[in-house]
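The primary structure of each chain is shown beneath.
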Amino acid sequence: MQELLQSIAPWLADNAIFTPQTLAQYWEGFVNTVQLVFISLVLGLILALPLSIGRASRLKPLSLAIWVYTWVFRGTPLLVQLYIAYYGLAFIPGIQQSIVWPLIRDPLYPALLAFMLNTAAYTTEIFYGAIKATPRGEVEAARAYGMSSLMAYRRIILPSALRRALPAYGNEVIFMLHASAIASVVTITDLTGVAYNVYARFYAPFSAFIFVALCYMVLSFAIQGAFKLLEKRMLVHLQPA
Amino acid sequence: MKKLLTISLLSAAVAAGSAQASDDNTVRIGVDVPYVPMEYRTPDGELTGFDIELGNALCEQAKLQCSWVEQGWDGIIPGLLARRYDAIMSSMTINDERRQQVLFSDPYIVPPSAWFVPDDSSITGTSQQDMEGANIGVQRGTVQDSYVTDNYGDVANIQRYASADDVAVDMDTGRLDAAFLDYPTGEAALVDEGNYKTIGEMLTEPKEYFGEGFGIAFRQRDEALADKFNQALETLRDNGTYDQLHDKYFGGGGGAPEPASGS
Chain A
1 MQELLQSIAP WLADNAIFTP QTLAQYWEGF VNTVQLVFIS LVLGLILALP LSIGRASRLK
61 PLSLAIWVYT WVFRGTPLLV QLYIAYYGLA FIPGIQQSIV WPLIRDPLYP ALLAFMLNTA
121 AYTTEIFYGA IKATPRGEVE AARAYGMSSL MAYRRIILPS ALRRALPAYG NEVIFMLHAS
181 AIASVVTITD LTGVAYNVYA RFYAPFSAFI FVALCYMVLS FAIQGAFKLL EKRMLVHLQP
241 A
Chain B
1 MKKLLTISLL SAAVAAGSAQ ASDDNTVRIG VDVPYVPMEY RTPDGELTGF DIELGNALCE
61 QAKLQCSWVE QGWDGIIPGL LARRYDAIMS SMTINDERRQ QVLFSDPYIV PPSAWFVPDD
121 SSITGTSQQD MEGANIGVQR GTVQDSYVTD NYGDVANIQR YASADDVAVD MDTGRLDAAF
181 LDYPTGEAAL VDEGNYKTIG EMLTEPKEYF GEGFGIAFRQ RDEALADKFN QALETLRDNG
241 TYDQLHDKYF GGGGGAPEPA SGS
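So the sequence lines, in the order shown, correspond to chains A and B. Read left to right, the first sequence gives residues 1 to 241 (full-length UniProt numbering). Read left to right, the second sequence gives residues 1 to 263 (full-length UniProt numbering).
Derived from the structure by calculation, the hints contain no laboratory data. It should be emphasised that the depicted structure is a prediction, and the values quoted were computed from it without experimental measurement. No residue lacks a Cβ here, since even glycine has one placed at the ideal position from N, Cα and C. One should not assume that every hint holds.
[Said to hold, decoys possible] Among chain B residues calculated to face chain A with C-beta under 10 Å, some are:
# : residue
1 : 149
2 : 151
3 : 158
4 : 207
Extracted from the complex, chain B is given alone in its bound form (with noise of 0.2 Å):
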C-alpha cells in the first residue's frame, strides 16, 4: 500500500533509539512521515494526522506515554525488531509476509480506494463498459494495480507510474482519463489540489486485493501491549471517539470511506 519512497529520517530514530523504555508505562511508536493525511506535519512543524490523532486517542484511552519516532519506511520493521521503538503506526497493511515478523493489532481502518476523473469528465461509471479505451493510471505494484490489471486490462489502457504523485501529475497534462488510487493518497494529490472527484463506490472488497486494512505492528513477544491496543481500540469505536477523528479526516457525508469492521 505504502511505497518506499520517502527519505528515511534515520537521525531522529537513533536518537530516539539511543533513550531507553524505562517502565511500563512509555511506548515508543515508530512512524513514517510524511503520507498525507495519515501521518504528516502541520506548516508550524507539529506531526498530526489520522494515524497520530487516533494514536494519541488510543495510548490516553490505554494509560499509556506515548511517543513518536519517525523512521523511514525501508527500516520501519527493523527498527522495531532492534527496539528503537515498541510498536509501528503508520499506514502499514496487515499481510502474511509481515505477520512473520511483527504481531498486528486488531485492524483499524481499512483504506477504500477510489476512482479519480476530472470534474469535467466524460466517464460517469466505473463498468468495463464506461472505462473502455481511457487511459487509467496506478502506481505501480500497489493492490489498485492489481485490480485494475485483472478487471480492466483488456478493455483499458493501464500506465503504472513509480508513486501516486507522478499519476496526480499526469491527470494535470490530460494524458490520463482516470486514476485508480487508495481514497486518502487520491483525495490529497487530486481533489483537493484541483479540479477532480471520484465516481462510483469507494471499493475495500475483494479482500484479495484490498487485503485487511492497517493495523499497528508489535513485536511478537508484546502481547500483552497489543491486547491493551485493542481494548482502547474496542473502547474508542464504542464511544465514538473513533468516529469524530474518521469524519474529521475522511469527510462525513458521501465519499466517507466506511470504518474498519473489528476483528
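Excised from the complex, chain A in its bound form (with noise of 0.2 Å):
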C-alpha cells in the first residue's frame, strides 16, 4: 500500500484534500469497514442456523424463546442496540475488574457484539422463512424413506431451503455493510468515520462523502455479484430450461 501511494503521489501533487496521507486514513477505513463486516456476517451466519432451526421447531418453549430475541432485534435500531453494547455493557457494575474487560475496552468487540446479534437476528428469519416454504410433499418423501428428523434436515430441507435463502441473504449483506457505517459513534475509524474526519479538516463535505460513496458502492457491486454468481451456479435447478 506504502509504495502504490507513493507510485501515485506526483499525480496527487495539485490536489488539497485527496493528499496520500488522506487517501492511506480511506484505506485504513475501506480495511476496518469490511473486516467489522465480514466478521460480523460470518459469526452471525452460524449462529443463524442452528436458531432458524429452532424457530422452526415444534418445540413450543424453543421457537417461541428465539422469536423472542429476533423480533426484539429486529425491532429496534441498530445504533441503540451499538449504545447498549458499547456504553451500557462497561457500565455493568464490576465489569471493570473482570476478565472481559480488556475486550469491552476495545471498542471493535462491542461494535462485533451488537452487529453479530442483529444479523444473526435478521437471517435466522430469513432462514426461517426458507424452511417454513420447503415443499410439503418433499418433507413427507424423505419420511416415506425412513429418514429421521435430522437427516431429513440435513439432506432434504437445509439444501434446498438455503438455496431458496440466497437472493435474501445477499440483500442482508449488503444491508449490514451499509448499516455498519454507524461504527464510527463508538470511536471506530470505519469508512464513514473517515470520511467525517476528512469533512471536519477540510470542511469538504462532497468531496469527503462522495469519495467514501463510491467506496460503499464498489463493495456493494463486489458483494451483488458474488451473489449473482453464486446463484447461478446454486439456483440452478430453478431456472427456466
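Using the hints, build the complex out of the two chains.
Spelled out as C-alpha cells, the structure:
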C-alpha cells in the first residue's frame, strides 16, 4: 500500500484534499469496515443456522424464545443496540475488574457483538422463512424413505432452503455493509468515520462523502456480483430450461 | 467550536420573530441554549450564563433594550439574516466562512482548550512523551481534534466522539486516559461532575488552530449597532465589570482562562 501511495503521489500533487495521507486514512477505514462487516456476518451466519432450525421446531418454548430474540433485535435500531453494547456494558458493576474488560474496552468487540446479534436475528428469520416454505411433498418423501428428522434436515430441507434463501441473504449482507456506517459513533475509524474526519478537516463535504460513497458502492457491487455468481451455480435447478 | 446537536427551539424563535423591532433601542439577541456555562437555564427556568450576563451588561452600558430569542444552532445564522433577531451571542467562533455572511464584534472571549485527566492519573504533563501510548478523547471535527491529531497523532491513540458528553462518559468508563476539550465544556462535563482535574496550561495559541475567539454576530449592514457593542465592551473591560463576570464563570485562580485581548 505504501509503495502504491508513493507511486501516485505526483499525480495527486495539485490536490489539497486527496493527499497520500488522506488516501491512507481511507484505506485504513476500508480495511476496518470490511473486517468488521465480514467477521460479524460470518459469526452471525454460524449463529443463525441452529437458531433458524430451532425457530422452525415444534418445541413451542424453544421456537418462542428464538422468536422473542429476533423480534427484539429486528424491532430496535442497530444504533441503539450499538450504544448499549459499547456504553451500557461498560457500566455493569464490577465489569471493569473482570477478565472480559480488555475486550469491552476496545470499541471493536462491543461493535462486533451488536452487529453479530443483529445480523443473526435477520438471517434467522430469512432461513426460517425458507425452511417453512420447503414443499411439503419433499419432507413427506424423506419421511417415507425412513429418514430421521436430523437426516431429513441435513439431506433435504437445509440444502433446498438455504439455496432459496440466497437472494434474500445477499440483500442482508449489503444492508449490513451499509448499516456498519454507524460504527464511527463508538470511535471505530471505519470508512464513514474517515469521511467525517476528512470533512471536518477540510470543510469539504462533497469531496469527503462522495468519495466514501464510491467506496461503499464498489463494495456493494462486489458483494452483489459474488451473490449473482453463487445464485447461478446454486439455483440452476430453478432456472427456466 | 460548537456542535450542532442542540434541540431546535424553533417555536420560540418563530413566536419572537413575528414581533417587529419597532424602534432603534430594542435589540433581540439570538442564542442557542443550553451550552453550559456560556448559556443555560437555572432550575427555575431563568436564562443565564456568561454570554447572557455579559450581553445584558453590554446592553445596559449601550442603553439598549435587549431581549433574548432562543434558536437552534443549525438555523442561527439564517434566523439573523431573516430578521428574527438582530444579533447572535451564542459562543460563536469568529472565522472567515461566517464573516462572509455576518458582521462580527470584537472577540469578547477566547475560550481556551485544556487537558483533562482523572485525579489519580499517572499523566503529569502534556508533552508528546507524557502522552505516549495514551488514549486521548476529543470531539470530532473540533479545533481540539485538529490540534491533537497534528501534534499527538504519531504517539498517542486518538478517539473521536460525536459529543463532549460521549467523551465524558468514556472518561468514566476508563477507556480514555485523557481528554482535550474546550475548557468551559470540559470543566462543566468532567471537573464539576466527577474526579477529574486539568493538567498543563490552557491553550489559546496557535491561532491557526484555536481561532480568534467568540464574537457577537450582526447583519452586515448594521455597523452602527456593532460599534455600540464594541464601545460598550471596551468600557466594561476598563471598569472591571468584565473581569468580575469572567471570575464568576471561570474562576479567579489557577486554571482561569486569559481574558481575550481587544481587537
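Hints, verified against the model:
no.	hint	verdict
1	149	8 Å, holds
2	151	14 Å, violated
3	158	9 Å, holds
4	207	17 Å, violated
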